[in-house]
Amino acid sequence: MKIEGEHRFEAAPESVFEALLDPEVLARTLPGIQKLDRVGDNEYRGALDIRVGPVQGRFQGKVSLSEIQPPESYRLQMSGQGPHGFVNGDGAIRLEGDGGGTLLRYDVDAQVGGRIAGVGQRLLDSSAKALTRQALEGLEKQVAARTRPAVARPPEGADDETLELPVVEPPPPPSQTEFAAAVARNVLADLVPPRHRPWVIGLALVLYTAVVVLLTRACSG
Amino acid sequence: MIGSSIKRREDPALVTGKGKYTDDLALPGMAHAAIVRSPYAHATVGGVDVSAAAAAPGVAAVYTGADVEASDIGGVVPVGWLLPGIKTPAHPILATERVRYVGDAVAVVVAESAAAAADAAERVQVEYEPLPAVTDPRGAADEGAPQVHDEAPGNVAFDWELGDRAATDAAFEGAALTVKADLRNNRLIPHAVEPRACLADWDGTRGEHTLRMTTQNPHLHRLLMTIASLGLPEHKIRVIAPEVGGGFGSKIHHYPDEAITAFCSMQLGRPVKWTATRSETNLTDAHGRDHRSLAEMALDAEGRIVGVRVVTHAAMGAYLSTFAPAVPTYLYGTLLSGQYDIPAIWVRTVGTFTTTCPVDAYRGAGRPEATYVIERLIDLAAAEAGLDPAEMRRRNFIPADAFPYQTQVALAYDSGNYEPALDRALELADYAGLRREQQRRRVEGGKLLGIGLSSYIEACGIAPSAVVGSLGAQAGLWESAKVRVHPSGSVTAYVGTSSHGQGHQTTFAQIVADTLGIDIDQVDVIEGDTREVQFGMGTYGSRSLAVGGSALARSLDKVIAKGKKIAAHLLEAADEDMEFEDGSFFVRGAPSKARAWGEVALQAYLAHDYPEGLEPGLEETSFYDPANFTYPFGTHVAVVEIDPETGEVELVGYTAVDDCGNQINPMIVAGQIHGGIAQGVGQALWENAVYDENGQLLTATLLDYALPRAHKLVSYRLDHTVTPCPHNPLGVKGVGEAGTIASPAAVANAVVDALRPYGVRHLDMPLTPERIWRALRNGEGS
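As they're listed, the protein sequences go chains S and B. Taking our numbering, I'd label the letters of the first sequence as residues 17 to 237. Taking our numbering, I'd label the letters of the second sequence as residues 162 to 943.
This is chain S alone, in the form it adopts within the complex (with noise of 0.2 Å):
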């Protein structure tokens, strides 16, 4: 499966590119991530949390960066195995400056093999394609905290000498719940022609409120 694209950030490739290498910033940036360790040099191990379709799991794994090239490029290589079976990915990241900004592009060859193949290999494309945009979303998040911490206003009376910043707490990593969603609005618009998408999403939400409404019944009953 090829996992290819590209995002464009408001932020210099300088700073995007540290942004990338930051383990703190990849654990809040990639959904579903549990943890997060440098193990070597540009070596971290970690949990994520995936679901594809109807298998879930977590996956252990590790992630490898090599041949980098601040601030232009790197390789990537990642393998992860869970109960469901395994992901491993071999891919570059390159960025390119663009009129202020950066635009990353990515290029990875993943492999995906068990059940997480047998049985989710019709939703696997869609979910890559989510998990790969939430991803990039949190990283524009995580950069731009990382770069505009100056917005926070100095405190009143406070001396210019002795400023301190305050802390920008940055954004948290997506939620489970949203990135369920983000999952099913990919394998939406992989399914239903764009025409009748309003049509899936108004039934999908009638028998949502229909299967709450009952359940309530059922549990007050």
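Just so you know, these hints were derived from the structure itself, not from any lab. The beta carbon of each residue, even a glycine, is placed where N, CA and C say it ideally should be. Some hints here could point you the wrong way.
Beta-carbon label-pair distances, calculated as ranges [what the hints assert, rightly or not]:
#1 B:Glu369 x S:Gly56: 54 to 60 Å
#2 B:Thr438 x S:Ala126: 22 to 28 Å
#3 S:Gly56 x B:Leu632: 47 to 53 Å
Residues of chain B placed beyond 10 Å of chain S at every Cβ, according to the derived structure [to be verified]:
#4 Val176
#5 Val263
#6 Arg284
#7 Arg326
#8 Val467
#9 Leu763
#10 Leu859
#11 Ala861
#12 His872
Here the structure of chain S is known, so what remains is to put chain B in place on it, guided by the hints.
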């Protein structure tokens, strides 16, 4: 009674949910096994960490391949058919160093419940170091392809040939016309309704193992468990087949899983049950077909076939399954003469290891593949020669007066009469009318109409033991039957076949009741238990009636012969003057001097007024070894409509005229034909097991593997001709596989026939709308 369509006696229990299948059974203290399987198609196995699984709630034990090796059981799964030069790499029941397909077993968890075992199995941590995969049967033999077994260089398990190569090459050189095609016979997944299961019950004090399992051949499973997997003495293993919900070949084979379950029970000293999930079924039940064939046919100027030359690459998968080597060789190459008088044939089959689920016999087993090759070639030749496909076949049929007919590929056809079956099929299908309608649409437009013929032959009633022995079988393929007459005259028949949907409880009882002139309610048939039944080879290869039924007929003959002696004594007549008819023993020419069946049966046990020197009792056993295969045949006609805009193909007509010799129960015969056709239509139009380049099975669920559904099929027009088998006592031939053998070629020929005006010569199965749509636009097969 013989020849009447009585309803199947087994059905009331089965259709009301009262059938007891292996998974329905429970024993006191029973634990449940879940098998940990490789997610990689090919990898070396580093450590297997079972600590988290062993500590999980409800877990009794976790075993790996190292535990099997440390035990004193055999721990491997053997191959049951050897060919010259064949490579037989060991197949351990739990992999230790390397895994070779997605689904290869690496560990087993035993727990108090199936759910606890499944949950804990997810906690087993296996270190895999991935290796490259290879999935294509032909590509596996390419230079530089990843090697599946060190012992099999180039992934070649065997390289086999049959026929006269020089004569065939010469025939091609002098031919007026030759046609050639690169054919793919798509890989199929069997899909028995009941998944495989085993309930193993080890009795350590007696050293006895009882295995209740989904099997088509309990005695063969016992033998293979004895000699390779468990190492227990044969008489200390009892294999029982409870109700078995379909097999189609997939429950012939000896797999690791049942042996693993047996091992767990021996280790723990308690009953252990394993039932495959549907996903495990798809990943591990031996698949079918998966051939790539370069096939050629040479003809003279009159459209007579002068030669056939075929080179086939057949995927064996990761390991050699039980009968796998026989399927693309002796069950395939030998059938390449079809119904035709072909003076020169040469076939070479290269069996290749691939990092996929093993491939073995699946309904038809080699014969659908052969029929597909020969029937596609003859259609290509007809198109090239400008002959009608029916006329092309007629010109090449072996004439009715040429039997017995020796083919150029080893088989000697005992009987046959092909033209009447073709004529009847054409008449029943209104072939002439269909061709007119096709012509009309080609002029006026509308949906494309395609008409496809398939004149098939099969060699079944498997098989003469000496013949198969000389070809590499590691077992005889005779069959046995014992008839036990009870003192009151009712009968229990013990047959070595093992019904798993075929209706033996009905058909065999019909034979007994008819022969002895008693009510069918007075007859029971016992199968599928190695303790009850003397021995048996099981049910597959359309053999149960032709071989098992023949053994039963022989035993009945012996019973009647003994009964005649008893009756002769009672009637004070000579043995040789006795006749038996409609349940009565009487003196020839004096029907009033008679003794009824029941009186004679009783006297056999009383032995009060009894012939001197004759043993009491009335019980006879026969071991029947057939003199030859049987050769059912027929012609099928498929009619399809194709939407030229979308490529959507619809089966709109199907006619089958089959000749399976004498029929015991025509309704059961029709049922077999119906199911077989559906399965073959499935292969032609929808079914396809797809591995990606990394060896991942992409069609691992019924979302992605399309089985035929009732609404996609039509009401078949069926008829038959009767050419009795000349060499068995019932004149029967076997019908379990006929539909599956004939129908893929019929449907494929129909689709290509519809597309011919678009310049399409050939399309590979499954003939999906996408494939057809592309061909409509490109004018050639994808």
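Evaluation of the provided hints:
no.: 1; hint: B:Glu369 x S:Gly56: 54 to 60 Å; result: 56 Å, holds
no.: 2; hint: B:Thr438 x S:Ala126: 22 to 28 Å; result: 26 Å, holds
no.: 3; hint: S:Gly56 x B:Leu632: 47 to 53 Å; result: 59 Å, violated
no.: 4; hint: Val176; result: 31 Å, holds
no.: 5; hint: Val263; result: 7 Å, violated
no.: 6; hint: Arg284; result: 7 Å, violated
no.: 7; hint: Arg326; result: 42 Å, holds
no.: 8; hint: Val467; result: 47 Å, holds
no.: 9; hint: Leu763; result: 62 Å, holds
no.: 10; hint: Leu859; result: 5 Å, violated
no.: 11; hint: Ala861; result: 3 Å, violated
no.: 12; hint: His872; result: 23 Å, holds
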